[in-house]
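Produce the complete structure using the sequences and hints provided.
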Amino acid sequence: MKLLDVVGLNGVGHIKGFFTTCICELSIKEKRESYRTAFAPNTIKGQYVDGTKESQVSPDGYTLDIAYMSRPGNDEKQLDLIFDYQNNVKMYPEFQQYLREYQPPLLAVWGENDVSFIPAGAEAFKKDLPKAEIHLLDTGHFALETHAYEIGELMLDFLGKQ
Numbered sequence: 005m006k007l008l009d010v011v012g013l014n015g016v017g018h019i020k021g022f023f024t025t026c027i028c029e030l031s032i033k034e035k036r037e038s039y040r041t042a043f044a045p046n047t048i049k050g051q052y053v054d055g056t057k058e059s060q061v062s063p064d065g066y067t068l069d070i071a072y073m074s075r076p077g078n079d080e081k082q083l084d085l086i087f088d089y090q091n092n093v094k095m096y097p098e099f100q101q102y103l104r105e106y107q108p109p110l111l112a113v114w115g116e117n118d119v120s121f122i123p124a125g126a127e128a129f130k131k132d133l134p135k136a137e138i139h140l141l142d143t144g145h146f147a148l149e150t151h152a153y154e155i156g157e158l159m160l161d162f163l164g165k166q
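Read in order, the letters of the sequence shown correspond to residues 5 to 166 in my numbering.
Rather than coming from a laboratory, the hints here were simulated on the basis of the structure.
Computed from a prediction, not measured in an experiment: that's the story for all the values here.
Among the hints, a few may not be true.
Estimated spans, in silico, between C-beta atoms of each pair [stated by the list, open to error]: (1) V119 <-> E157: 20 to 28 Å; (2) N46 <-> Q107: 41 to 49 Å; (3) S59 <-> N92: 30 to 38 Å; (4) P76 <-> P134: 43 to 51 Å; (5) A71 <-> K165: 34 to 42 Å; (6) V119 <-> Y72: 19 to 27 Å; (7) S59 <-> E105: 43 to 51 Å; (8) A152 <-> P76: 28 to 36 Å; (9) N78 <-> D161: 31 to 39 Å; (10) N92 <-> P45: 23 to 31 Å.
Just so it is clear, CB atoms sit at the ideal spot from N, CA and C, and this is done for glycine as well.
Spelled out as structure tokens, the structure:
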């Protein structure tokens, strides 16, 4: 099956997109406990506001995430998801081969200040798709929180060209 278009928002498809050692290279038992800090209220809020201009992010998103993470058992479910990501990474070569073979149009929109999935991950798509359209916005990880209108315009423009 051939994809007609690919639109990605901080969608890592290359190992270059990670800020540090990929979790797939670490022992799950060794790291699982240390990742619990990701569910602390200040960490969750930081995922939304780090890399953004002050007072640009509504508290709605991170307040809701904090409430969800306070429910019993959600930390274990999130840890399972985090450590299952290694299966995505194992499929990166297949994904990259697909992109090289079929050359689907690709739009990647990224927060240039994202500390989780760094801009190199967006730029790496050009290795497989030289015509990929890459946009780095002055924001952090959750770019839609600060640039929803701009991202929507980029998507409409991109899809209008196809």
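Comparing the hints with the structure gives:
no., hint, result
1, V119 <-> E157: 20 to 28 Å, "holds, 26 Å"
2, N46 <-> Q107: 41 to 49 Å, "holds, 43 Å"
3, S59 <-> N92: 30 to 38 Å, "holds, 34 Å"
4, P76 <-> P134: 43 to 51 Å, "holds, 49 Å"
5, A71 <-> K165: 34 to 42 Å, "holds, 40 Å"
6, V119 <-> Y72: 19 to 27 Å, "holds, 22 Å"
7, S59 <-> E105: 43 to 51 Å, "holds, 46 Å"
8, A152 <-> P76: 28 to 36 Å, "holds, 33 Å"
9, N78 <-> D161: 31 to 39 Å, "holds, 38 Å"
10, N92 <-> P45: 23 to 31 Å, "holds, 27 Å"
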